[in-house]
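S.K.: One letter stands for each residue in the lines below.
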Amino acid sequence: MDEGKMTRIFIMGKAYDVPAGITIMDAMEYAGYRFVRGAGCRSGFCGACGTVYRKEGEYRLEFALACQEMVEEGMHLTQLPFTPAPRAAYHLDDLDPRENVLLQHYPEIARCVSCNTCTKACPQDLEVMDYVQAALRGDIARVAELSFDCIQCGLCSMRCPADIKHYHMAQMARRLHGLSASREPEHLTTRLREIAAGTYEAQLDALVAASVVELKAQYAAREIETESEEGS
Amino acid sequence: MNAIPYFPGCSLKDSAKPFERSALFVMERLGLPLRELDRWNCCGTVFSLTEDDLMHHIASVRNLIRVQETGATELVTLCAMCYNTLARVARRLDREKEALAKINAFMDEEQDYKGGVKVEHLLGVLQRRIGWEALAEATSNPLDGLHVACYYGCTLLRPKDVSVDDSERPKVMEDAFEAVGASVVRFPFATECCGTYQVVDRPEISLERSARVLRSAARSGADVIATACPLCQHNLERASDILKRSGESPPLRIAYFTELLAAALGADPDALRNQPQPEATMHVTAKGGAEHG
Amino acid sequence: MSRAKSLPVENLRDRVEELSGEHVFACYQCGMCSAGCPLTEEMDRLPSQVVRDLQLDDPTLLESNAMWVCASCLACEVRCPKGVDLAKLMEALRQIVLRRALDNLSVDGMTREEIRRLPQIALVASLRKKTG
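In order, the protein sequences belong to chains F, R and S.
Sequence positions in the first sequence follow our numbering and run 1 to 232.
Sequence positions in the second sequence follow our numbering and run 1 to 293.
Sequence positions in the third sequence follow our numbering and run 1 to 132.
Any given hint could turn out to be false.
[What the hints assert, rightly or not] The list that follows gives simulated cross-link-like pairs (lysine to aspartate or glutamate, EDC-like), each with its CA atoms no further than 20 Å apart:
| no. | chain 1 | residue 1 | chain 2 | residue 2 |
| --- | --- | --- | --- | --- |
| 1 | R | 160 | R | 144 |
| 2 | F | 120 | F | 99 |
| 3 | F | 216 | F | 186 |
| 4 | F | 120 | R | 109 |
| 5 | R | 13 | F | 99 |
| 6 | F | 120 | R | 110 |
| 7 | R | 17 | F | 99 |
| 8 | S | 82 | R | 110 |
[To be verified] Going by beta-carbon spacing under 7 Å, a handful of chain R positions derived as facing chain F:
| no. | residue |
| --- | --- |
| 9 | 13 |
| 10 | 41 |
| 11 | 58 |
[Said to hold, decoys possible] So these bits of chain S aren't anywhere near chain R, every CB distance computed over 12 Å:
| no. | residue |
| --- | --- |
| 12 | 24 |
| 13 | 49 |
| 14 | 100 |
| 15 | 120 |
Hints listed in this document are in silico derivations from the structure and should not be mistaken for laboratory results.
For every residue, glycine included, the Cβ atom is placed at its ideal position computed from N, Cα and C.
Next up, chain F with everything else stripped away, as it sits in the complex:
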């Protein structure tokens, strides 16, 4: 934060002078707003703080996460804390990924006109239009690959002229892909087998039976991995 330097921004049309060099979310809280909705992890990962803004003198709207984007002089902003996008109900086990199940559950993806507005709205720089087109073709693997970093902020759906629910559809694709096509994680399978065989019962019983004092002693005496100089 730049000590002492202030910058003027406009939150939902009202002007505020906030410290320069802080995030939109911090700036809004500095201005006195209290987040009851539209804030979550504050780390750019949960998609709660979708923000639409415009820079002074420009007509284009831009899109960001409030917890990640820094304020700029003359920024005009508002938040979109919720997207009323319906999610299809399904049981993964009932679905055959070789069929066009994405289209079956989200038929409105056939309304995609390839305008690319969704891609331009994505704060994660994903190729959103490309994955909608892949979904239209039934290429679930491609949808899963392109949408991997989606944080479900909903900005794409809010901007889409065809009212497509990109992120719900993509989540379905990732689930299907994980279930049907991804390699089975052997370590998980092994661990589940061990648990079922009771390998960890004795340890868990001991922990449950221990007193708070004993637990604290065990915690204090635990082995700590040495961190490397550069981090992991």
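Given the coordinates of chain F, work out where chains R and S should sit on it, guided by the hints.
M.R.: Chains R and S alone, transformed into the frame defined by chain F:
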């Protein structure tokens, strides 16, 4: 290698796989393989007909830009609806510079479409680039005794400025079949609409229209009716199933014209049709670049 | 309540001409379009009657089913001796309704089974023609 950029369209990767497989086989045999366009998107399927609507051309323009990015100036399609849509968009933007400028301004994340891409249907390529003599020479398994009714539907022929042949009395598909030894059967419903997209919410319309086409072809003595559009194929197959169930059964096979040509060029058509679908027919790498699966 | 009451029926002919770029008074009612149209049996007005109603600026035209039954097959367009593009007139009528957010087709009512059996091309085309 001599190859021609090819636009599949959504259906050819899903409900109409036999169309693509047989066409790829045919063009490989004829020495002009089809090379799938990289990072293509749905063309829109229909050409938007209002003067002020440019938004609904964007899907097609994006594909024309993809062609431009490869340095090519032509694009071939199999699906008649894709042909019609892409060809009409290309023509409109070649004629209307202002519309082109507006679209380019909107699509600011793409390079400008400069115009000039020529969209062709495979029938046109067969006629003009391959020629019927070459097709006849490549025929190892002439379709002797097979009576083929060539069903054009609408989008191959109308409007006239994108028609692959005469809009009222086309013969390009018949010429292809005669080159491979088949007997062609002319029938009056060859250019009548199958009912097209009405199958979605007014299926009785498509059933009625398609039934008429089938009956007409059957009455004219056809063994098989050849199609060039995944939606025509779907509507005719659907009508045929329904007619069979109600006891009326025109004894007609319904096949894509390329399936029959592939058979004439030595393919086992059932093997082609039943070929297991590869994991993905097109792998698009992260930054473009495509390879066939 | 008739849907047309909430529809923009004022100056319908002018708006259709503007959207389509066509001149409805070029039509001299020969009937070639209706003769060639494959879907007249399903329509409550013939294509040539639609043009006549446009010439007369008939406000009930937007209640007709003709433009929704139309399959854009363009048989009318290639045959009109005066070069009137009737397909564009039909599209203009559809768009006038659709641009009021009055869709003629809803995906909400479609079952998974229905969608599963349709080729995508049909769904994309019908949504483009019947939703806004």
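S.K.: Does the structure break any of the earlier hints, and which numbers would those be?
M.R.: Violated hints: 1, 2, 3, 8, 15; rest satisfied.
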